[in-house]
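Working from the sequences, and respecting the hints, build out all of it.
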Amino acid sequence: MLNEYLARAEANGGAQTNNTQNESGLSRRMFLRAGVAAGGGLLLGIGLPRPDAQAAPDGDFAPDAFIRIGRDGHIAFIMPQIEMGQGTYTSMSMLIAEELEVDLAQTKFEHAPANDKLYGNPLIGFQVTGGSTSVRAFFTPLREAGAVARTMLVTAASKRWGIDPAQCHVEKGVVIDTAGNRRLSYGEIADDAAKLPVPSKVALKPTKDFKLIGTPAHRVDSPQKVNGTAQFGIDTRVPGMKIATVSACPVIGGKLKSVDDSAALTVKGVRQVVRIDDAVAVVADHMGAALKGLKALKITWDEGPNAHVSTEDIVAELAAASKKDGVAGDKAGDAAAAMKTAAKTFEAVYQAPFLAHTTMEPLNCTVHVRADRCDVWVGSQVMSRAQATAAEVTGLPLDKVSVHNHLLGGGFGRRLEVDSVTQAVRIARQVQGPVKIIWTREEDIQHDIYRPYYYDVLTAGLDASGKPVSFHHRTVGSSIVARWAPPVFKNGLDFDAVEAGAGPYDFPNKLVDWVRQEPPQGLTTGWWRGVGVTHNAFMVEGFVDELAFAAGKDPIDYRRALLDKAPRAKAVLDLAGEKAGWGKTMSKGSGRGVALIFGFGTYIAQVAEVAVDKDGTVSVKRVVCAVDCGTVVNPDTVKAQVEGGIIYGLTAALYGEITLKNGRVEQSNFDNYQALRINEAPEIEVHIVDSHEAPGGMGEPSTSAIMPAVVNAVYAATGKRLRKLPIDSAQLTAS
Amino acid sequence: MAYTVDINGTPHTVDVDGDIPLLWVLRDVIGMTGTKFGCGAGLCGACTVHIDGVATRSCITSIDSVSKKQITTIEAIGNTPAGEKIQKAWLGREVVQCGYCQSGQIMSATALLASNPHPNDADIDNAMSGNICRCGTYVRIRAAIKDAANGNDAPGNDNHGRRG
Chain A
1 MLNEYLARAE
11 ANGGAQTNNT
21 QNESGLSRRM
31 FLRAGVAAGG
41 GLLLGIGLPR
51 PDAQAAPDGD
61 FAPDAFIRIG
71 RDGHIAFIMP
81 QIEMGQGTYT
91 SMSMLIAEEL
101 EVDLAQTKFE
111 HAPANDKLYG
121 NPLIGFQVTG
131 GSTSVRAFFT
141 PLREAGAVAR
151 TMLVTAASKR
161 WGIDPAQCHV
171 EKGVVIDTAG
181 NRRLSYGEIA
191 DDAAKLPVPS
201 KVALKPTKDF
211 KLIGTPAHRV
221 DSPQKVNGTA
231 QFGIDTRVPG
241 MKIATVSACP
251 VIGGKLKSVD
261 DSAALTVKGV
271 RQVVRIDDAV
281 AVVADHMGAA
291 LKGLKALKIT
301 WDEGPNAHVS
311 TEDIVAELAA
321 ASKKDGVAGD
331 KAGDAAAAMK
341 TAAKTFEAVY
351 QAPFLAHTTM
361 EPLNCTVHVR
371 ADRCDVWVGS
381 QVMSRAQATA
391 AEVTGLPLDK
401 VSVHNHLLGG
411 GFGRRLEVDS
421 VTQAVRIARQ
431 VQGPVKIIWT
441 REEDIQHDIY
451 RPYYYDVLTA
461 GLDASGKPVS
471 FHHRTVGSSI
481 VARWAPPVFK
491 NGLDFDAVEA
501 GAGPYDFPNK
511 LVDWVRQEPP
521 QGLTTGWWRG
531 VGVTHNAFMV
541 EGFVDELAFA
551 AGKDPIDYRR
561 ALLDKAPRAK
571 AVLDLAGEKA
581 GWGKTMSKGS
591 GRGVALIFGF
601 GTYIAQVAEV
611 AVDKDGTVSV
621 KRVVCAVDCG
631 TVVNPDTVKA
641 QVEGGIIYGL
651 TAALYGEITL
661 KNGRVEQSNF
671 DNYQALRINE
681 APEIEVHIVD
691 SHEAPGGMGE
701 PSTSAIMPAV
711 VNAVYAATGK
721 RLRKLPIDSA
731 QLTAS
Chain B
1 MAYTVDINGT
11 PHTVDVDGDI
21 PLLWVLRDVI
31 GMTGTKFGCG
41 AGLCGACTVH
51 IDGVATRSCI
61 TSIDSVSKKQ
71 ITTIEAIGNT
81 PAGEKIQKAW
91 LGREVVQCGY
101 CQSGQIMSAT
111 ALLASNPHPN
121 DADIDNAMSG
131 NICRCGTYVR
141 IRAAIKDAAN
151 GNDAPGNDNH
161 GRRG
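If you're matching them up, the sequences are chains A and B in order.
Be aware that the first sequence starts at 1, since it is given in my numbering, and climbs by one per residue.
Be aware that the second sequence starts at 1, since it is given in my numbering, and climbs by one per residue.
These are calculated hints, taken from the structure and not from any lab test.
By construction, the Cβ of each residue, glycine as well, lies at the ideal position given by its N, Cα and C atoms.
Check each hint, because a few of them may be wrong.
Coverage of chain B stretches by chain A, computed from C-beta distances (three or more under 8 Å per stretch; other residues unrestricted) [unchecked claim]: (1) 34 to 44; (2) 81 to 91; (3) 109 to 119; (4) 134 to 140.
Spelled out as structure tokens, the structure:
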């Protein structure tokens, strides 16, 4: 995801990826600010460069920073990236703590406020957690923040003692006079440190001196998530708050015509019914009453132009669009010419459905609109966008809108959108006092911003041995980038739609192109875990598997022959095969499948083992994953992300499909939009390659790899090739 | 009308309709937000509490059905022997990711362990398959339940310090 952003950021000197042994000083074009925190002490932050950026005047209170150390010794880390389960708060804390020389146990985390300047993601350019970028973006800046703070604190202590800073060292937040026995804790010298100039240059530890980075650390957010005290957005409680639930027009893009609320208003606890142009909300003392009130409404909808739209119509349009010329993305040589001279050609159509995200925490947003300010309590992957939409709806200036972020009960891309924040503010404008709007699960599934439907045509030209001499992947679908990030939708190409469209393979002639085909207006498509890589990995890895079998070759051997220029890809492929026992005989009805991807700066190979029952039911028994994500911050997080990403992808492979009939989403809750359960979860083995390469992203790639691995395993088990997700058991029944 | 319910040993009197689900009484009326809303239909387990020791979905349990029962929630489950073991095992294995479903997972796992001190894989599947985790922590949930049953301190992490 967002490789255009990455390229742009790198061109601007913003990307900080390959810097594990940075001895030279601060990241290019970063600026630092130090100041005295409100209660005294040192406050320090590094922000992205902006033309108008100025260091805060000495002594100012500046609430935006990564580190705050109080006189009482408390150490707070303010998290530039949000925590939605991926372990970022722990990894970010480790990066700072490594250089600050403190134990994680000495620190507390805080959510950052909305502020692009201070908390913008250096790889993307604004405040966003997505695209598996957190560690890649902040690997250097946060270590620098820690090193700068430590340097200032050591300098302050050495001045107090009248010695050279080089005669001091730090252990667990205490500066020690190495020759003598003098000790000063960070809290004792925080005020002194805040008065010192910020060093323009700091040395970062070489990799060999890392104490935290690369070692498994306990998550900083676990204790509160185990005892029920963790605060998610939905747990917001502010004085005088009402609770509301909402129903938007069930036909996509439809509007509210009228509503009879007379029965609803008689429900005990219901206070108000709010109408906006496309939805109606019931405001009550508690959600139980709001739900009861919603059920009592008699709503008439204006179903609009989509009243007869079905999935079949949309797929037919995609299929027709696949015949058009595409916009070229990745290319090499002359794919068309090489196709003509190939000994034979092979073509297949692959399809991936619309998908909902179903974060465990349903969408919710608490808003208090007042004449001169607006407060928003939410869990968002895009804080500054949440702030901007609240400002736009209320007409207030940005600085009058405060967004209070929370732990997110899952993101998966859904909370990269602010549609629910916009809606909540529109409702809250009509309510006196604060109101928490909670979507039901049905609302969550039927008004998601869906992963696009993709209809892809893959063609290979093969030599006599079955090796590809030409590869053409035409992907057809809607553009997320054009809507979500218009500045990087360039030359008519959605870079995400074609990302990893030829896999990690060295095809001598290749073309990955894209035809834009949008669904009916009102059906919005958006990011879903693994983004473009996930969709393309399914297509490419299924197709390459087909080519291997068509050539009579082993699927791993066939891939290896295309990887001479990608040694890290080859290494994870070999490692996964070896650990999985690739080639060993399996019982009838069982099979192994492999998939290999490069995405988000990470190489992953997975081998899935499946068993297919006579009735076509697919059980995934075991998944072996080899991953090379470069330098690892917290290996336990890497492992957890592989495990979780596989489960998330398996849900999609086995069950995930949003369909429309008469303009309405047909799925509504976990009974008909199923999620994988513990009894269906495979054994998962994770093997991490020891590497000092630049860090790669880990939030998404394991989701991308599992879908093709399972489909390829199903082929090995049954001889039936599935080119469409989710897996259709009816096609797999023993006949 | 008013109902008095015993939650974690403390009586609470609430004035709501009798068909209001316990979940919303806990969260919105009493203000105990550890118990989570996930589906509203007894399909995901996020809202699991114990009613007289039995794991129960509070989103489909009406308040008028529980007035004479003992209700235990995530906020107090650590005071029970099984709950304490489960929470400790959860921390040792680093089970949680987003954490939103974990109150419900822990309540289901505690009910299992309290009634079956040495569950096998099938027992774990039976007790836990009503609890969905979208982050996919199932592998660790299974391991943590076994740790708790066996009295193991999880292997796992070199502890760089644990916040309390």
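Tested hints:
1. 34 to 44: holds (count 10)
2. 81 to 91: Result for this restraint: holds, n = 3.
3. 109 to 119: Since three or more residues must qualify, the claim that chain A covers the region 109 to 119 of chain B is violated, with 0 doing so at under 8 Å.
4. 134 to 140: n = 7 at 8 Å, threshold three: holds.
Of the numbered hints given earlier, the model fails hint 3 alone.
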